[in-house]
Amino acid sequence: MDTDRIDQIVDKHHGEPSSLIQILLDIQTENSWLPREALERVAERLQVPMTRIQHIATFYKAFSLVPKGRHQIHICVGTACHVRGGSRVLDTVEDLTGIKPGETDLDLKFSLETVNCLGCCALGPVMEIDGKTHGKMAPAQTADVLKNYD
Amino acid sequence: MSDILLTIDGKEVRAKQDMTLLEAARSAGISIPTLCHHEKLEPYGACRLCIVEVETRGHPRIVVSCVYPVEKDIVVRTRSEKIDRIRKMILELQMAHAPDSFILQDLATEYGADKDRFEKEPSFCIHCGLCVRYCAEVKKKNAVGFVDRGIRKEISFIPEIASKECWNCKECFELCPTEALQAAYVLIEALISPETSFKPEEDGDRTKGDQDRKARKGLSVLA
Ligand code: SF4
Ligand code: FES
Ligand code: FES
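Line by line, the protein sequences give chains V and Y.
All letters in the first sequence, in the order written, are residues 1 to 150 by the working numbering.
All letters in the second sequence, in the order written, are residues 1 to 223 by the working numbering.
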């Protein structure tokens, strides 16, 4: 992400220090992670200390300080999904992608996370990819679903 | 601004309107234990050790004295069975993280806290925020801040700022109730520039033995 784009985002929020979280979210959404240079630019533009930015960026799960894959897989391990076999879905996806929750593969294709209930328990076990819900997942089906992403 | 009259531990206390209970008590020579309070810093209310009982119209409740503003005619008790019990618990929890802190040990003796009550998880930081806030509010350098949250929250130096500012300041070291900051920083220094880290202090008031002890403690941070 180049400095111009970051400046644009900061300008969109009128360079308001109180919009810090919103600005970071915009960068996160667009870039899927927060590179250090981006944070330094934001700090400079908003005149807020790096310590504050670092605290916020590490506080909220929505932010990532390491590169993320092109596709975000969220597998629900909430109670309802768990009793319906969510952990077996997770196991299969771990095998297929070669990564564990919290990790990203070397090709930057997938990032894997677990979540504790996506709010649609009747569809469990639930796997969400880039915000799209795949319900009633059987471990055997996961490969077919993942195939659609590259 | 008219003064406010209240009762603390049975003593009539006259306080200024913008004072906190803690300030009012201290101005009357009544001591309340604190860990995260510092006169030069904004009240923070993190450690909860300074809790007191406030009674209004016969109803007692627990408030945090370092952030609670004085009120007319309230009756404040700085010690009671309930308060002592809560303070004891707070200390026991903190000592799971910083069992060797002298400040905590002294308080533990006073409140009968058992430092071994909870399983040890030495993080050497009790999140009082003194170092972080001192660097931000007094020194205005923001070299050290918190990262992460909950049980994983810890302090972290911004290397670019730390390498310029910290060597000549180190004022936050003295503030830490657990000495963890000192340990961590000295350790980092030792790792980055081993040839300078054991050099005795120029300012002379800290001895080499002291530094060695800190460095050794620093190693246990890693363990
Ligand atoms: S390192 Fe020490 S001074 Fe800093 S927040 Fe932790 S306990 Fe407080
Ligand atoms: S437990 Fe998975 S959606 Fe509720
Ligand atoms: S001194 Fe009041 S909460 Fe720490």
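For the record, the hints were derived by calculation from the structure and aren't laboratory data.
There's no promise every hint is true.
[Said to hold, decoys possible] Here are the simulated lysine-lysine pairs, DSBU-like style, with alpha carbons at most 30 angstroms apart:
1) V:K61 to Y:K115
2) V:K100 to Y:K153
3) Y:K141 to V:K100
4) Y:K40 to V:K61
5) V:K61 to Y:K141
6) Y:K153 to V:K68
7) Y:K140 to V:K12
8) V:K12 to Y:K120
Hints, verified against the model:
1. At most 30 angstroms may separate the alpha-carbon atoms for a hinted pair to count; V:K61 and Y:K115 exceed this at roughly 33 angstroms.
2. Among the hinted pairs, V:K100 with Y:K153 is consistent with the structure: their alpha-carbon atoms are about 23 angstroms apart, no more than 30 angstroms.
3. With a CA separation close to 39 angstroms, the supplied pair Y:K141 and V:K100 exceeds the 30 angstroms bound.
4. For the hint linking Y:K40 to V:K61, the alpha-carbon distance of about 33 angstroms lies beyond 30 angstroms, and the restraint is violated.
5. In summary, the hint linking V:K61 to Y:K141 is supported, as the alpha carbons are separated by about 27 angstroms, within the 30 angstroms threshold.
6. Straight-line distance between C-alpha atoms of Y:K153 and V:K68 comes to about 23 angstroms, which keeps the hinted pair within the 30 angstroms bound.
7. Of the pairs offered as hints, the one joining Y:K140 and V:K12 holds, with about 28 angstroms between alpha carbons and a cut-off of 30 angstroms not exceeded.
8. Distance hint between V:K12 and Y:K120 is unfulfilled; the C-alpha atoms sit about 48 angstroms from each other, more than 30 angstroms.
In this structure, the hints that do not hold are numbers 1, 3, 4 and 8, in rising order.
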